[in-house]
Every structure is written in C-alpha cells, then in structure tokens.
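One letter stands for each residue in the lines below.
There are 2 protein chains.
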Amino acid sequence: MTDFPEKSALEPDDWAAFRQRAHETLDRALDRLEQAGTGSVWSPVPKDVESQLEQALVAAPLEADACDAALASLLPYGVGNTHPRFLGWVHGSGTPFGLLPAMIEASLNANCGGRDHVGLKVERALTAWVAEQFGFPQTASGLVVTGTSMATVVALKVARDAALGFASRETGVDGSKLVAYTSAEAHACNARALDILGLGTSALRKIAVNGAFRMDLSALKSAIDRDRAAGLVPFAVIGTAGTVNTGAIDDLGGLAVIAEQEKLWFHVDGAFAASGILSDEVAPKLRGIERAHSIAFDFHKWLHVNYDAGFVLVRDEDLHRRTFSTRPEYLKAAERGLAAGNPWPVEFGPELSRGFRALKVWAHIAEFGPQRLGAAISENCQLVRTLAALVDDAPSLERLAPVETSICCFRYRADGLTESELDALNEEIVVRLQETGVAAPSTTKVNGKLAIRVNITNHRTREADLHVLLGAIDDLAPEALAQFRHT
Amino acid sequence: MTDFPEKSALEPDDWAAFRQRAHETLDRALDRLEQAGTGSVWSPVPKDVESQLEQALVAAPLEADACDAALASLLPYGVGNTHPRFLGWVHGSGTPFGLLPAMIEASLNANCGGRDHVGLKVERALTAWVAEQFGFPQTASGLVVTGTSMATVVALKVARDAALGFASRETGVDGSKLVAYTSAEAHACNARALDILGLGTSALRKIAVNGAFRMDLSALKSAIDRDRAAGLVPFAVIGTAGTVNTGAIDDLGGLAVIAEQEKLWFHVDGAFAASGILSDEVAPKLRGIERAHSIAFDFHKWLHVNYDAGFVLVRDEDLHRRTFSTRPEYLKAAERGLAAGNPWPVEFGPELSRGFRALKVWAHIAEFGPQRLGAAISENCQLVRTLAALVDDAPSLERLAPVETSICCFRYRADGLTESELDALNEEIVVRLQETGVAAPSTTKVNGKLAIRVNITNHRTREADLHVLLGAIDDLAPEALAQFRHT
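Those protein sequence lines, which keep their order, are chains R and Y. According to this note's numbering, the first sequence holds residues 1 to 487 in order. According to this note's numbering, the second sequence holds residues 1 to 487 in order.
The set of hints was computed from the structure by calculation and includes no laboratory data. This one's a predicted model, so the numbers in the text were calculated from it and none came from an experiment. Check each hint, because a few of them may be wrong.
Put simply, identical chains are the same to the list, so a pair is met inside one copy or across any two.
Stated by the list, open to error - Cut-off 30 angstroms, straight-line C-alpha distance, at most; resulting in silico cross-link-like pairs (DSSO-like, lysine-lysine):
| no. | residue 1 | residue 2 |
| --- | --- | --- |
| 1 | K332 | K206 |
| 2 | K177 | K206 |
| 3 | K445 | K332 |
| 4 | K263 | K221 |
| 5 | K332 | K47 |
| 6 | K449 | K332 |
| 7 | K285 | K7 |
| 8 | K221 | K206 |
Please take these sequences and the hints and turn them into a complete structure.
Here it is as structure tokens:
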C-alpha cells in the first residue's frame, strides 16, 4: 500500500511531550477548583474570548501551545456553580474529585449502549445501589441519562406504553385518550415529555397546590373523576419531590394511595430533592417514594456529581424493557464474546451511543459514601433555614414561601411602590448581584410576586456567604430603587 | 450556627495530596492509551473485578488509595474500541488528546441547558462550523446531543411538529395520519424515534434497496402515491449516509428532489458517514446532503471525539426553536446577568440539564483540523478496499456486499455446509476472534446470509492488522468447522 502512514495522525508524535501537556492541563483544571471560593461568582464572556472560539476552528489545526491556551482561556467563564455564592436555579457544584473518573472515562472511551464490558457492570452495580436507597426491589431496572428531563421521557414512555399494552410502539398513540396529573408547581420537563411522546401538553392536568405548595389531593381525585366521566383514560400521576419554585415535596404517600386506588402509574419527579433520601433531614419528607413505579432524579444536583448525570429507576424491569427493546440483526444478543452482556442499556432507553456516564457516579459514591453526601444535603437545609430566619428578621425583606428543602424565596420591600414596581425592583437587584459577581441567586414568581430565589444545593456555601448576600442586597437596593423613584 | 463545619466535606482535606492523586490517575489513563495497540482487543470482565464494583458502594467511603485502585482496575476491561483491531459495529476509537478537554470540562462543571456562559458560546461557534461544512446557511441551528439516536428524535420532532403546525405540542398527534419513508437498510433509531414521538414504528415505511443497498427511488415514489391515495399524510423522507450493514450511502441528491416535489421534510441519518464530508473520498458520495432540512450524525464515530457526542443540524432555526421552546418563570430569559445569553439550548432539544459536551468536539477540531480528520477517514476507506481485495483473492472467503465507505461484509466458505450451517460457522468464527482477543469484527445479515462484518472507523488500524485478522480466521476456521462436521 503506497502513501499509507506508519502511524495514526491522531496519536501524539512525541508521547513525553504530550504527557507534559496533559499534566499542565490537569494543573490548570485543579488550580481553578482550588480557588473555587475566590473571585466573582460569574463574569460575562469577553468579546475577544468569544471571537477566538470561532477563530480556533477556522485556524485549525492549532499548535499544541495555542490549543492548550485556548482551552485554558475558557476556565474563568463558566456558569458560576462551582462558587460558594452561586445560589440560583438548581445546580450542583461538582467536586475536584470528579476529575479522577473523568480521566479514566476519557481513557476508556467506552460506548455504554451495549456489549459486554465493564461499563455495563458498573451501571448495574449502581442501579442495584440506587434501588436499595429508594426501597425498590433489587429487580428494579435503571439507566443513567443526561438528566431528569431525559429520565422523565423514559419513565413516562414506560407508563404510556404499559397503559396502551405496548402495541402502541407500532401503532402510535392515536385515539388513546390518555391523561396524566401533576401539580401546578411541577417542573416543565413533565409537560415537555408528554409533548415529545405525542400525547400533548394538554394531556397533563395541573392540579392546584395547598398553602405548602403541595398538590391538593382532593383536587386530584376530583380531576380524575371528571376525566373518567368525560371518557378520558387517566394513566399516570406525577408527584414532585422538590418543586423548582419553593422546594416543596408533595405528599408522596398520599399520592401512592390514590395511584393504587385509581390504578395509575405513580412517577416521582425528584430532580434534586430525591437525593435527600441520603439525608436524615429530608428522607422523612420523601416517605411514599418507595411505592413509586418510577423515579427520575439527578446526580449532578444535590449530590454534586459533575454534569451531566441523571437517573431513571423503574420498579418493573419487564415493562421497562418492553418499552424500548429492539434488537435488529446488527445488534443481536449473543451468549459469548463482545455481543454478550445482556440485557443491554439500549433496551431501556432511547440512546444507542452513550458514554460511560455511570463511572463518575459510581466513583463519587465510592469516594464520599452515602453518609457524607447526605450530611452535605442536611447542611444545606440548615443554611436555608438560617437564611429564612435572617430574612424574617430584616425589616426590608419579606419572605414569600415556606422553607422545606433547599430554597428560600423572598423579596426586598420599599414603601410606595406598586406590585409591578416591586417586581421590577427585585429583578433589578438580582441582575445587579449577578453583574457585580458578588452572588448569584435567580428569580421566580411565587403567588404572582417576583421573588429573589435562593437555592442552596451547593456544598461550598457557608453561613458567611449568606451575610455577604444580604449585605450586598442592602448595598445595591438603594441604587436600584433610585432607578424607579426617578422614572 | 453550631456544628457547622468550616469547610465542605466534599473538598480535599489536603490539596497537595489530592494533586498527587490526580496526577497519578492521569498517568494511568495515559499509560493505557500509549499502549492502545498492544494486548487483547477485548477480555471479559473477571468475576472478582465485577464483584468489587458492588462492594465499593457497600464499603463507601473508600480510602483514597482504594478508590484510585478501584478506578484503575477498570482500565483493562473496556469495549476494545481503542485497539487497532477493534473492527466491529461502528465505534470511534477516541484519542489521547481527548483527555485534555475532559479535564477542562470536569473543572468547569458547566450545565449547558442555558444561561450566559462560555459553554453556550462554544456550542454556537461549533454549530456555525458544522453548518459551513455541510453547506447549510449560517442561520442554521444545531445542538450537541449524546448521539444520533437522540439527534434523530430531535430532528423528527421538528419534522412532526412543523407538519402539524405546532399545535400538536399541546394537543398531541391524535388523528395526524403522518407517515415517513426510509430504506430497508436504515438504522433502527429512525423507527425508534417515531415510536417515542407517538407516531408508531408502522408510520415508517421501509423502502426496498437496489443492488448497491441504496433506497430505490421509484419504489419510494410509488409508496408516497399509495399512501396519499389511502388518505395518509406523508411528511418526511429519511436518507441514510452510511448504512449500518454495508456502509452504503443513499442517493441524497435524488432524495432531495423527491422531498422537494412532494413537500416532505428531508432528514439525513448520517450517523457515521456524514463525517465523510471532511474526506475527499467520501464527500462526493454525500452530494445532496446540503439540501437536507436536518442532519443527525456523531462526532464520536468516524471523527473519534470521545464518547458521547452526537449532533443535530436543522436548516430552519425558527422551526427548530418552536418545536422545543418553553420558558416558564423560573427559566425566564433576561437581557442582562446570568439569565441572558439567549436563545438557550433547552429551546432546541429535550434536555435542560446537559453537560459541556460541545467542548471536547470544539477542542478536537481545533487540535486536529478538518484536513487531518478527513485524511484519517480516507485512510480507513483505503484500508477497507485493501481488505475487500484480500477477501476477493482468498479462495475460502466470499464477499457479500460492495464496499462503499468503511464496511466490508464477507464470510468463510466450506464445502458441504448448508446455508444455516454456514451462518453458524461464521458466527462461531467471529465469537472466537473476539474471545481470543485477536480482533473484534461483528456480524450482521446481508441478503439473508450471516456476514463477518468488518467496519474500520478506527484511526489506529494499519494494513498489518488486516493480515492478522485474515490469518486468525484461517487459523480458527478449522476448529470451528470441526464443531459442525462432528455434530
């Protein structure tokens, strides 16, 4: 064969030099994490950094130094969630330890859609561990996915297809009349899943909540009765463990009873708070979750595994497999060789190519253990209660929701402003907090009022950070307020 | 606050010691890759390694040394796809370079579902680059996903919702009568996507292929006519760039013409061969792809980015966004601060939590450049042609399909065996190849015959590896054959 190079052009020419590059990159990655508590929570990406991103692709291949410098130039411009005063949305904060499985994962470069290898074994060991934590049978099936949004699609597809007897996989959902139920405070991923699954968002009934932001169980029962009377087919009820606005946890035991009575699939969206099963503080509030048919949750939120790592746990492995399994000739199962190792993950979810996401989760649990992970969750709960008390004591602040888990919603008050001016003022305060880089809460609406929403799913946050936050609000509010007084 | 620890228990106690751990782990990861060409392609996971996986979770937290050793113990038991003689299914082989962005990604721990940070900027730069490679307008939208299976769900949801006018997001697909078309050789992910999307696998017509395993265009037209006459609503045609059995590429230009005439969404499943757009050898065979409405493909296959990294490219950003965008209060867009940076990736796909998968792709292109990546693809094509010639010259081997891209299908022949015995013999040969660790092709059926299927999307494979493979087949065949002769 002519002109055929002796070695791959995608391998290092000089391994010693490449090793040095890799170790230098590791030190940069470590430096950033060692200094996670310093500097701004967040800074916008400078224009010159942004324009280099396209330039790098145009100029490629870059010299090794230029490529490494380009990678390093990104490090200051992340989301901010590794900083102790990132207090917005619900992000986990990751760990330095996460670097270790990331390197092993990159070296293995495994596709965990199937075949017989250690990737599948790790995922199975992890699934058994998860099942045990939630009081599920050891026969339960599970799948590591990118996050709760995907986990929800998987779980609700099992519910959909089980309700329709699996022929729907071939024939579609035409004429199915399926309806599901969740609370008005539930996350949008549930409605999105029904949209994706062809049932439409209108097939999801949003049931009113009580004063604690939990689903009103009698309203749920009425809605089911009404739908049955109208000829519709209720098939699933979705409980929330940790609502996105206020962190409330539905009465999961109560939902389990109704689901059983009404023969509905009981799914729990536990995106962040299901992890509370490891915390003495949160676990009692999750009672009833052990009776669910499926649970969707994230390892990258309150357990701080690096992004992305979600999980779907399904009580009945057979229903789960029948929902997704398809094995054409080229993916045929075998008893021996590389094509053994059945069942394959591709039989439990939509992905055929899938990285070895289970590794970082497994390693994280092995490194820290469930007690330490649970204690970090309890610490966060304690901090949020401390914050709520500080808010309650501050004359200029008004709390807008009870504290149940990781979230405290409140607002800054000023006399003489209308409700819509108060909304705009609090929005402005939050943006200024983010822009100054001092702290990064987010906003939401609670009972129609715009709230400064502080969520602490952050193992780096300490009490001092709460004082910095409240101090900064006091400092920024007069300027923000002046803006409204003078317009 | 009492009992509140001064620092997070998930941070290293001793940073210097932790740095050393990290550097040692990096060296193990590098060692494995430096020796990628040595040893067995694949070995089954020993029972003691497997049982340690569960034990590690039971015993957690492990001491640092034990945790690092547990991680290192996995390294020999991957899929095999980093070895030069991994020749099965369609796996990419990754690169040592992939370690660098993996470390930066782990340090940043970014959630790329939204918000204003460098993760979104990298993904945008990458999308513009991809659009340019495929001759799409710079206004095209794109999303990094786990793989082509997910990309297909995204693309076909855009097609579905665009056909139904987007009201279907709310109302579901009830009564839609949509049907789509693909070839009989298309990958199962297309039918799976229609199952997920509620249309059912029967809504996908499998059109016969010609002798080159390309979709028969006149059969396609007849099927469309037949469906319209029956009152159904044709909405999409799915061309394949690189069939999984033989590597064939449909006549994409011809499909584009029919799609335009029939007003169908033209989607290309280019899981592995769409990357051939960077190769002088393959690019001409892809002509017509620039007219697609959407393309799904993987970076982790023929471009060797580490798992997982797929991509969906959509010509019309507006249709794409209207298919997925939902912005509740807690995800509201803003002009300033962390909630700026619009549009957000969550508006273009099902995931809200999503890791910084774009980073490794962007860095890979920056490091290697499109020419070098394309040349590695062309080298693979050259190797497959060499293999086909060797097969054609070997009296004991019979080729079962033409070679178009990365795949050569053939079988071992022996006199006096029935077709089903030949099938079993070739299956046995492949299993023995895998079990001995010499080489790892896979199997499929071509025109009803079981084929030894060699796919070379492996930048490490050299011509000598082909001789090792064929030599091993010659060595193993008599033993495998004896099994049939004596039973």
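Hint by hint, which ones does the structure fall short of? none
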